[in-house]
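What follows is the residue order along each chain.
Number of protein chains: 2
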Amino acid sequence: MAAAAPPPPPTAAPITLPEPTPSGHTLFTRIRLATIDDVPHIHKLIHQMAVFERLTHLFEATTASLAATLFPPNAPPPFTSFTIFLLELSSSPFPPSQNPHFTPVLKSLHLDLPIDDPEKEAFRSSANDSINDVTVGGFVLFFPNYSSFLAKPGFYIEDIFVRECYRKKGLGKRLLSAVAAQAAKMGYGRVEWVVLDWNVNAIKFYEQMGAQILPEWRICRLTGEALQAHAHVSL
Amino acid sequence: MAAAAPPPPPTAAPITLPEPTPSGHTLFTRIRLATIDDVPHIHKLIHQMAVFERLTHLFEATTASLAATLFPPNAPPPFTSFTIFLLELSSSPFPPSQNPHFTPVLKSLHLDLPIDDPEKEAFRSSANDSINDVTVGGFVLFFPNYSSFLAKPGFYIEDIFVRECYRKKGLGKRLLSAVAAQAAKMGYGRVEWVVLDWNVNAIKFYEQMGAQILPEWRICRLTGEALQAHAHVSL
Numbered sequence: 001m002a003a004a005a006p007p008p009p010p011t012a013a014p015i016t017l018p019e020p021t022p023s024g025h026t027l028f029t030r031i032r033l034a035t036i037d038d039v040p041h042i043h044k045l046i047h048q049m050a051v052f053e054r055l056t057h058l059f060e061a062t063t064a065s066l067a068a069t070l071f072p073p074n075a076p077p078p079f080t081s082f083t084i085f086l087l088e089l090s091s092s093p094f095p096p097s098q099n100p101h102f103t104p105v106l107k108s109l110h111l112d113l114p115i116d117d118p119e120k121e122a123f124r125s126s127a128n129d130s131i132n133d134v135t136v137g138g139f140v141l142f143f144p145n146y147s148s149f150l151a152k153p154g155f156y157i158e159d160i161f162v163r164e165c166y167r168k169k170g171l172g173k174r175l176l177s178a179v180a181a182q183a184a185k186m187g188y189g190r191v192e193w194v195v196l197d198w199n200v201n202a203i204k205f206y207e208q209m210g211a212q213i214l215p216e217w218r219i220c221r222l223t224g225e226a227l228q229a230h231a232h233v234s235l
Numbered sequence: 001m002a003a004a005a006p007p008p009p010p011t012a013a014p015i016t017l018p019e020p021t022p023s024g025h026t027l028f029t030r031i032r033l034a035t036i037d038d039v040p041h042i043h044k045l046i047h048q049m050a051v052f053e054r055l056t057h058l059f060e061a062t063t064a065s066l067a068a069t070l071f072p073p074n075a076p077p078p079f080t081s082f083t084i085f086l087l088e089l090s091s092s093p094f095p096p097s098q099n100p101h102f103t104p105v106l107k108s109l110h111l112d113l114p115i116d117d118p119e120k121e122a123f124r125s126s127a128n129d130s131i132n133d134v135t136v137g138g139f140v141l142f143f144p145n146y147s148s149f150l151a152k153p154g155f156y157i158e159d160i161f162v163r164e165c166y167r168k169k170g171l172g173k174r175l176l177s178a179v180a181a182q183a184a185k186m187g188y189g190r191v192e193w194v195v196l197d198w199n200v201n202a203i204k205f206y207e208q209m210g211a212q213i214l215p216e217w218r219i220c221r222l223t224g225e226a227l228q229a230h231a232h233v234s235l
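The listed protein sequences derive, respectively, from chains A and B.
Be aware that the first sequence starts at 1, since it is given in the UniProt record's numbering, and climbs by one per residue.
Be aware that the second sequence starts at 1, since it is given in the UniProt record's numbering, and climbs by one per residue.
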């Protein structure tokens, strides 16, 4: 709700605010595979996600631990293990680019008003492009899972996140859809992720994308000391 | 509850049923990595699980599709992708064996009475052992997942199943504990799986093993035509 303005003097004419004119602002978007050079941005994005979810007390990641686990030496090819798509934005069209594993998805976004990104400098992309105003706006982290009933792999999405100033513009949908498209291309059977049951907007959004919400399943988690307790029991 | 016996004649002394004598039945158990030779048994076990869960309408796996997806040519090492531990039972001690990736876990189980396994022949193990009465009794299928907050991999357990005649003897716990021990050994942060919310006995069992049940998360699944619809949208 907008803050209340002081009332106009009694004799003044009513103030008519102009309609925002369709000024033709175009934002160009790219979804590409992340590399180890993107880890500093990935670290900041994951931290912002922890803040958004009010779970910073669980946040232990460092740039070093992310690099070591997401991009280890002799890492398996993308899609066979932990994989990140990065969402980037630019006011200039992205040059076409190739990647042996994934051809970046280029699209554009038409806006009435330009987006004011207060963190534009902090999120300047590390990609080596001929255009120089590329900003990292979000990411999706996913990896293979398996359905034994289908005897097929699928993808599990661990994180999907878009920075605040870029939300509500269909960009999260583009990230999720890019994972679904990759799954379909590989002949995979499913894409799965989880949502908090009180997050009604997210549930509605996912259902509109064609997802079923499975009401009966609950996640069981063994971690910390309870996990360590098993180390001495069995092996 | 035992079936009611006919009442004794009025003059007879009260009948005292003998305590079951500890007859020294010992069943030896082994948990080992499955190989492609175990696929026919794995297929039957997954089908039994589908019957148990009343989900046979979702069961599409064949021995060929399981072999192709679980044990593809140039498969990555165990634990880095889809991995199966097989539970085997024998009346003789298992010989010690080595595997470069996982040393089988050998234990024994003391029983008052021998177990009558009506499917003993069908589940005769394909392992090449010096003992010849080895039976496959269950399995656990798991693969790596990832926590971005911890910046650590974990394991996700897709299936855990013990054949009916071997249940309620702590064998499911041994399978789950073997996965937890492997996770702890590898420095992983978590082991996770899902349970149906009405399966109170399973939830109790998992809590006794140290697991937390996360009440708020719901699984979202994109599959079938809804998944295919994205193939034409993004890429």
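Treat the hints with care, since some could be wrong.
In silico lysine to aspartate or glutamate, DMTMM-like type, Cα no more than 20 Å apart, as pairs [stated by the list, open to error]:
(1) B/K44 to B/E60
(2) A/K107 to A/D129
(3) A/K204 to A/E192
(4) B/K204 to A/E225
(5) A/K168 to A/E207
(6) B/K204 to A/E216
(7) B/K44 to B/E164
(8) A/K204 to B/E60
(9) B/K185 to A/E225
(10) A/K173 to B/E164
(11) A/K204 to B/E225
(12) A/K185 to B/E216
(13) B/K173 to A/E192
What follows is a set of in silico ranges between Cβ atoms, one per label pair, in the way DEER data are often shown [said to hold, decoys possible]:
(14) B/V200 to A/R54: 23 to 33 Å
(15) B/A231 to A/L111: 25 to 35 Å
(16) B/P100 to A/A229: 22 to 32 Å
(17) A/S65 to B/N132: 42 to 52 Å
(18) B/C165 to A/F205: 40 to 50 Å
If you want the ones that stay clear, here's a sample from chain A, every Cβ over 10 Å from chain B, calculated [said to hold, decoys possible]:
(19) L33
(20) P76
(21) P96
(22) D116
(23) G154
(24) R221
(25) T223
Note that these hints are calculated values from the structure, not bench results.
No residue lacks a Cβ here, since even glycine has one placed at the ideal position from N, Cα and C.
Evaluated hints:
no.: 1; hint: B/K44 to B/E60; in the structure: holds, 12 Å
no.: 2; hint: A/K107 to A/D129; in the structure: holds, 16 Å
no.: 3; hint: A/K204 to A/E192; in the structure: holds, 16 Å
no.: 4; hint: B/K204 to A/E225; in the structure: holds, 19 Å
no.: 5; hint: A/K168 to A/E207; in the structure: holds, 16 Å
no.: 6; hint: B/K204 to A/E216; in the structure: holds, 16 Å
no.: 7; hint: B/K44 to B/E164; in the structure: holds, 13 Å
no.: 8; hint: A/K204 to B/E60; in the structure: violated, 30 Å
no.: 9; hint: B/K185 to A/E225; in the structure: holds, 13 Å
no.: 10; hint: A/K173 to B/E164; in the structure: violated, 44 Å
no.: 11; hint: A/K204 to B/E225; in the structure: holds, 19 Å
no.: 12; hint: A/K185 to B/E216; in the structure: violated, 32 Å
no.: 13; hint: B/K173 to A/E192; in the structure: violated, 27 Å
no.: 14; hint: B/V200 to A/R54: 23 to 33 Å; in the structure: holds, 30 Å
no.: 15; hint: B/A231 to A/L111: 25 to 35 Å; in the structure: holds, 28 Å
no.: 16; hint: B/P100 to A/A229: 22 to 32 Å; in the structure: holds, 27 Å
no.: 17; hint: A/S65 to B/N132: 42 to 52 Å; in the structure: holds, 49 Å
no.: 18; hint: B/C165 to A/F205: 40 to 50 Å; in the structure: holds, 47 Å
no.: 19; hint: L33; in the structure: holds, 13 Å
no.: 20; hint: P76; in the structure: violated, 6 Å
no.: 21; hint: P96; in the structure: holds, 14 Å
no.: 22; hint: D116; in the structure: holds, 27 Å
no.: 23; hint: G154; in the structure: violated, 8 Å
no.: 24; hint: R221; in the structure: violated, 5 Å
no.: 25; hint: T223; in the structure: violated, 4 Å
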